[in-house]
Amino acid sequence: MTLVLGLGAGLMIGGQYAPAGVVELHVPGAMTVSTFCDGVSTHGKGTTLRFLARDVDCDLEVELSPVMPLRGSLSVTEAGHYTCLRDGTVLLCSGPG
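Position 5 of the sequence shown, counted from 1, bears residue number 45 in our numbering, the numbering being contiguous throughout.
Hints should not be assumed to be uniformly reliable.
Heads up, simulated EDC-like pairs for lysine to aspartate or glutamate below, C-alpha to C-alpha not over 16 angstroms straight-line [claimed, not checked]:
1) Lys85 x Glu64
2) Lys85 x Glu103
3) Lys85 x Glu101
Restraint ranges, calculated between C-beta atoms of paired labels, are given here [as the list claims (entries may be wrong)]:
4) Thr129 x Val62: 27 to 33 angstroms
5) Pro106 x Gly61: 18 to 24 angstroms
6) Phe76 x Leu125: 17 to 23 angstroms
7) Met108 x Phe76: 17 to 23 angstroms
8) Pro106 x Asp78: 26 to 32 angstroms
9) Leu104 x Ser81: 18 to 24 angstroms
10) Thr129 x Arg94: 24 to 30 angstroms
11) Met108 x Pro136: 26 to 32 angstroms
12) Gly128 x Gly61: 30 to 36 angstroms
13) Gly84 x Val107: 15 to 21 angstroms
Because the hints were derived from the structure by calculation, they are not lab data.
From the three backbone atoms N, C-alpha and C, an ideal C-beta is built for every residue, glycine too.
Could you build the full structure based on these sequences and the hints that come with them?
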(Lines of atoms letter the chains of each structure in order from A and count residues from 1; the text may use other names and numbers.)
(Lines give C-alpha, C1' and ligand atoms only; values in the text may rest on other atoms or scores of the structure.)
Protein backbone atom coordinates (compact mmCIF):
# COMPACT_ATOMS: atom_id res chain seq x y z
CA MET A 1 0.00 0.00 0.00
CA THR A 2 2.87 2.40 0.76
CA LEU A 3 4.30 1.89 -2.73
CA VAL A 4 0.97 2.78 -4.34
CA LEU A 5 0.60 5.90 -2.20
CA GLY A 6 4.19 6.92 -2.94
CA LEU A 7 3.62 6.45 -6.65
CA GLY A 8 0.44 8.49 -6.53
CA ALA A 9 2.16 11.30 -4.65
CA GLY A 10 5.05 11.20 -7.10
CA LEU A 11 2.67 11.54 -10.03
CA MET A 12 1.00 14.55 -8.46
CA ILE A 13 4.32 16.23 -7.64
CA GLY A 14 6.22 15.29 -10.79
CA GLY A 15 3.42 15.68 -13.30
CA GLN A 16 1.78 13.07 -15.46
CA TYR A 17 3.96 10.10 -16.39
CA ALA A 18 3.43 9.48 -20.10
CA PRO A 19 5.51 6.59 -21.42
CA ALA A 20 6.59 6.86 -25.02
CA GLY A 21 6.55 3.07 -25.19
CA VAL A 22 8.94 0.55 -26.69
CA VAL A 23 12.00 2.03 -28.34
CA GLU A 24 14.14 -0.02 -30.71
CA LEU A 25 17.63 1.44 -31.07
CA HIS A 26 19.83 0.23 -33.93
CA VAL A 27 23.57 1.02 -34.11
CA PRO A 28 25.24 -0.59 -37.14
CA GLY A 29 28.50 -2.36 -36.24
CA ALA A 30 27.96 -2.23 -32.47
CA MET A 31 29.24 -4.99 -30.20
CA THR A 32 27.31 -3.63 -27.19
CA VAL A 33 24.77 -0.84 -26.68
CA SER A 34 23.92 0.82 -23.35
CA THR A 35 21.30 3.48 -22.64
CA PHE A 36 20.91 5.62 -19.54
CA CYS A 37 17.46 7.20 -19.48
CA ASP A 38 16.05 9.07 -16.49
CA GLY A 39 17.99 6.94 -13.99
CA VAL A 40 17.32 3.62 -15.75
CA SER A 41 20.15 1.71 -17.45
CA THR A 42 19.60 -0.83 -20.22
CA HIS A 43 22.44 -2.88 -21.71
CA GLY A 44 22.58 -5.35 -24.57
CA LYS A 45 24.93 -7.17 -26.92
CA GLY A 46 24.72 -6.71 -30.66
CA THR A 47 23.51 -3.94 -32.90
CA THR A 48 19.92 -3.57 -31.64
CA LEU A 49 18.57 -2.77 -28.18
CA ARG A 50 14.89 -2.64 -27.20
CA PHE A 51 13.79 -0.80 -24.08
CA LEU A 52 10.80 0.97 -22.58
CA ALA A 53 11.21 4.72 -22.28
CA ARG A 54 9.18 7.82 -21.80
CA ASP A 55 9.61 11.20 -23.45
CA VAL A 56 13.16 11.82 -22.23
CA ASP A 57 16.76 12.42 -23.27
CA CYS A 58 19.02 9.38 -22.93
CA ASP A 59 22.79 9.08 -22.76
CA LEU A 60 24.29 6.32 -24.90
CA GLU A 61 27.47 4.30 -24.82
CA VAL A 62 28.25 2.00 -27.72
CA GLU A 63 31.23 -0.32 -28.14
CA LEU A 64 32.23 -0.71 -31.79
CA SER A 65 35.41 -2.59 -30.85
CA PRO A 66 37.10 -3.55 -27.56
CA VAL A 67 39.10 -0.30 -27.70
CA MET A 68 36.51 2.04 -29.22
CA PRO A 69 33.57 3.08 -27.02
CA LEU A 70 31.52 5.96 -28.41
CA ARG A 71 29.11 8.21 -26.55
CA GLY A 72 26.11 10.15 -27.70
CA SER A 73 22.61 11.16 -26.77
CA LEU A 74 19.15 10.15 -27.92
CA SER A 75 16.01 12.25 -27.56
CA VAL A 76 13.10 9.84 -27.20
CA THR A 77 10.05 11.69 -28.51
CA GLU A 78 7.83 8.70 -29.21
CA ALA A 79 7.89 4.92 -29.39
CA GLY A 80 9.46 3.44 -32.49
CA HIS A 81 12.68 2.75 -34.31
CA TYR A 82 15.74 4.96 -33.81
CA THR A 83 19.13 4.67 -35.53
CA CYS A 84 22.49 6.00 -34.37
CA LEU A 85 25.43 6.31 -36.74
CA ARG A 86 29.07 6.99 -36.00
CA ASP A 87 30.34 10.45 -36.94
CA GLY A 88 34.02 10.57 -36.02
CA THR A 89 34.13 9.94 -32.28
CA VAL A 90 30.45 10.62 -31.50
CA LEU A 91 27.07 9.10 -32.31
CA LEU A 92 24.39 10.95 -34.25
CA CYS A 93 20.90 9.61 -33.71
CA SER A 94 17.60 9.99 -35.52
CA GLY A 95 14.20 8.45 -35.15
CA PRO A 96 10.47 8.83 -35.60
CA GLY A 97 8.91 12.24 -35.85
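Earlier hints that do not hold, by number: Failing hint: just 5.
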